[in-house]
Amino acid sequence: MSLAQARMDSGVGAALVRAGALILRPRNLALIACVVIAGWLVFVPLAALFYTAFTEDTGFGPGPLSLGNFINAYSNWHIVQLFGNSLVFAVGTAIATLVMGALVAFVVERTDAPLGPLFHALALLSFAIPGLLTSMAWIFVLSPNIGWVNALLKSWFGLAEAPLSIYSMGGMIWALSSHYFPLAYLMLGPTLRVLDVRLEEAALVSGAKYWQVLPKITLPLLRPAILSTLVLLFMLGMSSYEVPRLIGRPARIDVFTTEIQAAVQNAPPEFGTASALGMTLLIICVVAVFLYRQSTRNAEAFATITGKGYMPTRIKLRHWRWPVALGILFMFFVALGLPLLTLVWQSFFRNLAQPFVGSTGPFTWENYEFILHYPIFLDAVKTSVSLAAMSATIVVLLTFVMAWIAMRAVPKAGWVLDSIAFTPIAMPHVLVGAAVLFAYLMLPIPVYNTIWILLIAYVSLYIPYGMRFTSSGLTQIHKELEESAEVSGARTRQVFIWILLPLLAPVLLAAWIYIFVLSVRELGASVFLIGPGTHVLGTISLTMWEEGGSYGAVSALGVLQIVPLIMIVAGLRWLELRVQRRSEAATAKVQTGG
Amino acid sequence: MGFLGHSGRLTLAAVVLALGLTPAAGEQARPWLDPTLLAAAQKEGSLVVYSSTNEREGLAMFKLFEAATGIKVQYVRAADSILTSRMMIEFRGGKNSYDIVHMTAINRMPPQMLAQYEPPEAKSLPASARDPDRRWYGVYAVYNTPAYNTKLVKPDEVPQSYEDMAKLKQFRGKIAIDGTDSEWLRGLVIHYGEQKGLAIARALAANLDPVLTVGHLALSRSVGSGEYAMSINNYTNLDLNVKLGGAPIESFALDPVTQFFGSVAVNSRAPHPNAARLAANFMLSQELQQFYTRFGRPPTRTDVKPNPPDSLDGIRKRKIITVLMSGGEEKRWSSTFDQIFKRR
Numbered sequence: 000m001s002l003a004q005a006r007m008d009s010g011v012g013a014a015l016v017r018a019g020a021l022i023l024r025p026r027n028l029a030l031i032a033c034v035v036i037a038g039w040l041v042f043v044p045l046a047a048l049f050y051t052a053f054t055e056d057t058g059f060g061p062g063p064l065s066l067g068n069f070i071n072a073y074s075n076w077h078i079v080q081l082f083g084n085s086l087v088f089a090v091g092t093a094i095a096t097l098v099m100g101a102l103v104a105f106v107v108e109r110t111d112a113p114l115g116p117l118f119h120a121l122a123l124l125s126f127a128i129p130g131l132l133t134s135m136a137w138i139f140v141l142s143p144n145i146g147w148v149n150a151l152l153k154s155w156f157g158l159a160e161a162p163l164s165i166y167s168m169g170g171m172i173w174a175l176s177s178h179y180f181p182l183a184y185l186m187l188g189p190t191l192r193v194l195d196v197r198l199e200e201a202a203l204v205s206g207a208k209y210w211q212v213l214p215k216i217t218l219p220l221l222r223p224a225i226l227s228t229l230v231l232l233f234m235l236g237m238s239s240y241e242v243p244r245l246i247g248r249p250a251r252i253d254v255f256t257t258e259i260q261a262a263v264q265n266a267p268p269e270f271g272t273a274s275a276l277g278m279t280l281l282i283i284c285v286v287a288v289f290l291y292r293q294s295t296r297n298a299e300a301f302a303t304i305t306g307k308g309y310m311p312t313r314i315k316l317r318h319w320r321w322p323v324a325l326g327i328l329f330m331f332f333v334a335l336g337l338p339l340l341t342l343v344w345q346s347f348f349r350n351l352a353q354p355f356v357g358s359t360g361p362f363t364w365e366n367y368e369f370i371l372h373y374p375i376f377l378d379a380v381k382t383s384v385s386l387a388a389m390s391a392t393i394v395v396l397l398t399f400v401m402a403w404i405a406m407r408a409v410p411k412a413g414w415v416l417d418s419i420a421f422t423p424i425a426m427p428h429v430l431v432g433a434a435v436l437f438a439y440l441m442l443p444i445p446v447y448n449t450i451w452i453l454l455i456a457y458v459s460l461y462i463p464y465g466m467r468f469t470s471s472g473l474t475q476i477h478k479e480l481e482e483s484a485e486v487s488g489a490r491t492r493q494v495f496i497w498i499l500l501p502l503l504a505p506v507l508l509a510a511w512i513y514i515f516v517l518s519v520r521e522l523g524a525s526v527f528l529i530g531p532g533t534h535v536l537g538t539i540s541l542t543m544w545e546e547g548g549s550y551g552a553v554s555a556l557g558v559l560q561i562v563p564l565i566m567i568v569a570g571l572r573w574l575e576l577r578v579q580r581r582s583e584a585a586t587a588k589v590q591t592g593g
Numbered sequence: 000m001g002f003l004g005h006s007g008r009l010t011l012a013a014v015v016l017a018l019g020l021t022p023a024a025g026e027q028a029r030p031w032l033d034p035t036l037l038a039a040a041q042k043e044g045s046l047v048v049y050s051s052t053n054e055r056e057g058l059a060m061f062k063l064f065e066a067a068t069g070i071k072v073q074y075v076r077a078a079d080s081i082l083t084s085r086m087m088i089e090f091r092g093g094k095n096s097y098d099i100v101h102m103t104a105i106n107r108m109p110p111q112m113l114a115q116y117e118p119p120e121a122k123s124l125p126a127s128a129r130d131p132d133r134r135w136y137g138v139y140a141v142y143n144t145p146a147y148n149t150k151l152v153k154p155d156e157v158p159q160s161y162e163d164m165a166k167l168k169q170f171r172g173k174i175a176i177d178g179t180d181s182e183w184l185r186g187l188v189i190h191y192g193e194q195k196g197l198a199i200a201r202a203l204a205a206n207l208d209p210v211l212t213v214g215h216l217a218l219s220r221s222v223g224s225g226e227y228a229m230s231i232n233n234y235t236n237l238d239l240n241v242k243l244g245g246a247p248i249e250s251f252a253l254d255p256v257t258q259f260f261g262s263v264a265v266n267s268r269a270p271h272p273n274a275a276r277l278a279a280n281f282m283l284s285q286e287l288q289q290f291y292t293r294f295g296r297p298p299t300r301t302d303v304k305p306n307p308p309d310s311l312d313g314i315r316k317r318k319i320i321t322v323l324m325s326g327g328e329e330k331r332w333s334s335t336f337d338q339i340f341k342r343r
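These protein sequence lines map, in sequence, to chains A and B. Heads up: the first sequence at position 127 corresponds to 126 in numbering that gives the first Met the number 0, and the numbers run straight through without jumps. Heads up: the second sequence at position 307 corresponds to 306 in numbering that gives the first Met the number 0, and the numbers run straight through without jumps.
In isolation and in its complexed conformation, chain A is listed as follows (with noise of 0.2 Å):
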C-alpha cells in the first residue's frame, strides 16, 4: 500500500471514528431515537398506503405489483369533478377558517378587547363536539326542509322557500370553518402574544397608520404562522370525511374523501383503490409542506422572540372595546352555539325537535338514560381519556424534538423531516387504521386486540397536528437565544429545558389540549382497531349513527362527551394560564439578561 493510499485509508478511517462518536454522544442518540420513533410511526401506514396502491387488491391484502388500482380509481372522468370539487372546498374552508381564526386570535392578544378568558375557553369548547355531530346539528339548523332557523326566517318574513341551505358548497365551507376556526385561533394566538411590537411601534411614531402597519408589519411577520395554518386546514380540508358525508352527498357535491370512503365502505373493501386514491391527497400535501418551507426559509426574518428586550403591548380600542368583543361573542354564537344549543335541545326528544319551533314528541331524559346505560359506554370513556392523554403526551414532546431537528439541526434538509411528519394528515383515518391493522399483524409485536394498537394509530394519526404547533412556535423564537447558551456552556438538553421549553410552553400545552381532544374522538382508525375490552367513544358514536340509536340518543352521547370534556379542558386551561404566565416572565427574563 502506498503511503498516500495509507494516508487517506487513515483520513477515512479517522473521519467514521469521528462519525461514529458523534452518532453515539448521548444527545444525538437521543435525537436519532427520536426520529426513528417518529420516523417507524409514520412509515408504517405510509409504507402500507404504497404497498396497497401499486400491487393488486387481493381482498385478502396486496398481491403482485400491478397499476391496476389507479385504472380502477382514476379512469372515470368524473375524478376530475372530484378533484375540482375537493380544491374547491378545501381552500374555501381554509380561507374563511383562517380569517375567523385570526380575527379572534387578534382582538384576544392583541387588543384590550374585553372577555379573552371567554373566547379561549370557547374555542376550546368546540373542539369537543364531534365532527359528525356538528354536521347533523347544522342540517337540523340550516336545512331546506327540517332547518329550525328557516323555519322561523320563513314563519318571520313570510317566505315560501327556505332563505338559506346547508346543502352546498357554501353550506359546506361554513360546516368545517365554523368548527375548525378555533384550530386557527390556537395556532395564530400564542405567536401574536408573543409578537415583537417594536417593528410596528416604529412604523406608527414614524407615521404610519394601523391600516398600514397591519399589511406592510404585522402579517409579513406572522406569515409562518399564517402558512402553517393554512396548510394544515388546507389539508384538513382536502381529507374531510363527515361534512362531505352527510352535506355533500345529499347536496350531490362529491370529493374526493366521498369516493375513498364508498371503495372502503364495500364488503370487502377496495383499498387498493382507496389507496390509490389517497396518493393524490399525499402529493398535495408533501408540495404544500414545500412551499410552505420555501416561503419561510428565511425563518431569522420572523423571530419575534430574540435575545433583545421587548414587552408585548395591546392596542387600545377605547370606546370600541364592548363593542368588538361584541362582535367576537356574537361570531362564537353563530358558529358554535347554534350547533350546540341545537343538539342539547335535540338530547331531550326522540324524534327531530327543532328549538322554538316545536316537536314531534314529549320531552324525555330517555335518550341520556339510553346512553349511561348503553352496556359498554363507561368502558368506553375510560379507554379514550388514558388513550388520549397517552398520545397528546407522546405527540407533543416527539415532535418539539423533531420541529428543532428540522428548523436547527439540520435546516437545509429540514423540509423531507416536517413532509415526512406531516403526511399522516394526507391519509384518511381509516386507511391508517388497516394499515397499522395489517402491519402489526405481520410482525411480531404482540399489540393486536389491546390498547397500545390504538395508542400507536392514534400517534401516527396526530404527529402532523403537533409538527404544526411547534414548528409554527420554534420560527418565533430567535436561534440567537439558543446560541448564547451554548456558547455560555450549556449542553443541549438545558438549552431545551430551561431555553425553550419555557418559552414554547404556551404552544405545547395547545397542542396537547387539542390532541387530546381529537384523541378522544376519533374514529376512523379505531373500527379497525378496537378488540374485546378496548372500545373507544368514536366507535359507540358511529354504532349510534350506524344502527342503534335515535336522533336524540345520537344528540345525547354527543352532549355526555362534551360535558366532561369542558370540565377537563377547564383545567387545564387554568394550567394553561400558570404556564403561560411562568412563559412571560422567563421571555421577559431572557430579553433583559436576567
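For the record, the hints were derived by calculation from the structure and aren't laboratory data. Incorrect hints may have been included.
[Said to hold, decoys possible] Simulated crosslink set (PhoX-like; lysine-lysine; CA at most 25 Å straight-line):
| hint | chain 1 | residue 1 | chain 2 | residue 2 |
| --- | --- | --- | --- | --- |
| 1 | B | Lys195 | B | Lys318 |
| 2 | B | Lys153 | A | Lys153 |
| 3 | B | Lys62 | A | Lys381 |
| 4 | B | Lys62 | B | Lys42 |
| 5 | A | Lys381 | B | Lys71 |
| 6 | A | Lys478 | A | Lys411 |
| 7 | B | Lys42 | B | Lys153 |
| 8 | B | Lys341 | A | Lys153 |
| 9 | B | Lys195 | B | Lys94 |
| 10 | B | Lys195 | B | Lys316 |
| 11 | B | Lys153 | B | Lys168 |
| 12 | B | Lys242 | B | Lys153 |
| 13 | A | Lys153 | B | Lys173 |
| 14 | B | Lys168 | B | Lys341 |
| 15 | B | Lys166 | B | Lys316 |
[As the list claims (entries may be wrong)] Label pairs and their calculated CB-CB ranges:
| hint | chain 1 | residue 1 | chain 2 | residue 2 | range |
| --- | --- | --- | --- | --- | --- |
| 16 | B | Asp302 | A | Phe49 | 50 to 56 Å |
| 17 | B | Thr301 | A | Leu442 | 26 to 32 Å |
| 18 | B | Arg331 | A | Gly83 | 25 to 31 Å |
Predicted model only: the values in this text are computed from it and were never measured. Note that the Cβ used here is the ideal one computed from N, Cα and C, for glycine as well.
For chain A, the structure is supplied; the task is to place chain B on it using the hints.
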C-alpha cells in the same frame, strides 16, 4: 335499530305476553344446548364474536348464552365492510381472533374462511336462509321496501308499483335512496328481467332525481323527520323502529321485496371451535330468535312470529326475492347502480 321507547317497550312486552312468548326461564328446556358440545365448549372457556349488531342488542343476546353455558363471551362490533376487511387481513396474517361472525355480508366472504358445519337448529330454517354449502345460516331477515312520511305524502299518492313511483314527479328531489342498495337493484332485475328492471331503475333516477344518502338508519330517520318525503328503498325493520319511536313514517311493500339475511358462520380457524358451534346453534334457536324479535328483527325460523305480529303481512302479499350476491356479483351490480343513480 332497537331504540324503542319506554311506551314502545311496554307495548312489546304486552304483545309478547299476549302471544305466550315468555322469555326463557332457567328451568325451560333448551333444545339447542347439546350436552356433549357444551362440555367440550366449557373446556375452551370463552367465545369471541365479531358482529355488526349494536352492543345493546348483541351483548343482551349473548348474556343469555353466557347464563345458559357459563362460557364468557367477548363481543366486537363494527360495520360489515370493516369486519370483512379485518377478518380477511387476519386470515392472511394467520391470526385467529374470532370464533363466529354475525353480519349481513357473510355470503360475500371467501368460503375458505368459513367452516362447513350444519347446526341442528338449522333444520327449522327455510331453504333460502341456508347456504347450500353449509357455511352460513340466516338469523334474521332484512326486507327491502320503500317508506314515506305520512305528513308529506297523502294516502292516494302512495304508489302501487315501482313504475307508478317513477311517475311521482311532484316529489322530484325530495325522494332518497341509500347509495349502496345494489341488492335492491338486483332484486328488481331478477323480478322484471334485466331490460325492464333496469329501465324502471333508470326512470326512477331520471324522473325523481333521488338524493343518495349514506346509512340506512340515517335514511329512515330522515324520512321520519320530513327531510325527504319518501325513500325508494330501505330496510323495513329500521323504518318500523323509527315509526315505533313516534315518527310519522310508514313503510309499504311493492313487487318485488328483496330479501337477504343477517347470518351467522363459524370461523374455519376458530380458536374455540366447540364454543363456536354451540353459539351458532344458539343463534338459530327459537329462544334467540324470539328474543331478537323484541328489537324488531324479523325471524328466519318459521315457528317464530315477527314483532308486531302483523308487521310482515304487507310484505308476504308481495313477491319476495332472496338476493345473496358473491363479492364479484356485488361489485358488478354496485357499478350498475352507480351508473344509474350517480350517473357515472
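A quick look at each hint next to the structure:
1. B/Lys195 x B/Lys318: holds, 17 Å
2. B/Lys153 x A/Lys153: With a Cα-Cα distance of about 24 Å, the restraint between B/Lys153 and A/Lys153 holds, given a limit of 25 Å.
3. B/Lys62 x A/Lys381: The given pair, whose Cα atoms are some 23 Å apart, holds under the 25 Å limit.
4. B/Lys62 x B/Lys42: holds, 19 Å
5. A/Lys381 x B/Lys71: Holds. A/Lys381 to B/Lys71 sits at ~22 Å (cutoff 25 Å).
6. A/Lys478 x A/Lys411: holds, 15 Å
7. B/Lys42 x B/Lys153: violated, 60 Å
8. B/Lys341 x A/Lys153: violated, 32 Å
9. B/Lys195 x B/Lys94: Violated, at roughly 47 Å.
10. B/Lys195 x B/Lys316: Holds, at about 22 Å.
11. B/Lys153 x B/Lys168: holds, 14 Å
12. B/Lys242 x B/Lys153: Since the Cα atoms of B/Lys242 and B/Lys153 sit roughly 17 Å apart, the hinted pair holds (cutoff 25 Å).
13. A/Lys153 x B/Lys173: holds, 19 Å
14. B/Lys168 x B/Lys341: Distance ~19 Å between B/Lys168 and B/Lys341 Cα, so the pair holds.
15. B/Lys166 x B/Lys316: Status holds; Cα separation ~23 Å.
16. B/Asp302 x A/Phe49: 50 to 56 Å: Cβ of B/Asp302 to Cβ of A/Phe49: about 54 Å, so the range 50 to 56 Å holds.
17. B/Thr301 x A/Leu442: 26 to 32 Å: Check failed, 49 Å falls outside 26 to 32 Å.
18. B/Arg331 x A/Gly83: 25 to 31 Å: For A/Gly83 against B/Arg331, whose Cβ atoms are near 29 Å apart, the range 25 to 31 Å holds.
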